[in-house]
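Work out the full structure, taking the sequences as your base and the hints as a guide.
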Amino acid sequence: MRACWKDHRVTERSQLLGAAGERIASRYLEQHGYEMVDRNVRRLEGEIDLVALKGDTLVFVEVKLRTSRKMGAAVQQISAVKGAKLRNLAAAYAADHPEYPANCRIDLVAIELTVGGDVGQLNHIENAIEG
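Per my numbering, the sequence shown starts with residue 1, numbered consecutively.
The reader is advised that the hints may include incorrect statements.
Label-pair distances were calculated between CB atoms; the ranges are [said to hold, decoys possible]:
id, residue 1, residue 2, range
1, R87, G116, 34 to 40 Å
2, V81, Q31, 29 to 35 Å
3, E45, T11, 15 to 21 Å
The set of hints was computed from the structure by calculation and includes no laboratory data. Don't be surprised by glycine CBs; every beta carbon is placed ideally from N, CA and C.
Have a look at this one:
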């Protein structure tokens with residue numbers, strides 16, 4: 001019983017951190033000329049964190065937030081399997097939304113928080129996952 005409670009708290013904390021990371025990333029992107037069109041797009045295969053328009057390009061954004069480097073830097077957190085999953089999700093989204101430009105890319109916004117909870121580092125990598 002205790003392990004379930006601990007797992008629930010870890011999941012809840014992860015969800016809160018994920019939502020905070022998405023808010024930070026969304027604000028950053030909007031300040032840099034992106035128009036948010038969707039967020040937390042869920043399909044059976046997984047989830048797209050943010051979807052935005054930048055000029056004539058539909059941009060799918062994977063957001064990674066880290067509070068420590070125990071698991072590695074935030075920019076190091078996309079595996080080949082995750083990349084393939086994101087490519088498939090992006091293709092499915094684009095097919096379902098012909099109203100958006102056919103030109104697409106997948107970006108990464110990697111955020112590292114300081115011990116005090118402030119943004120210590122934010123890296124935006126355009127076309128982080130090619131395909």
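Outcome of the hint check:
A C-beta distance of roughly 36 Å is found between R87 and G116, which places it inside the suggested range of 34 to 40 Å. Here the CB-CB span from V81 to Q31 is close to 32 Å, well matched to the stated 29 to 35 Å. Distance hint check for E45 and T11: the Cβ-Cβ separation is about 20 Å, which falls inside the suggested range of 15 to 21 Å.
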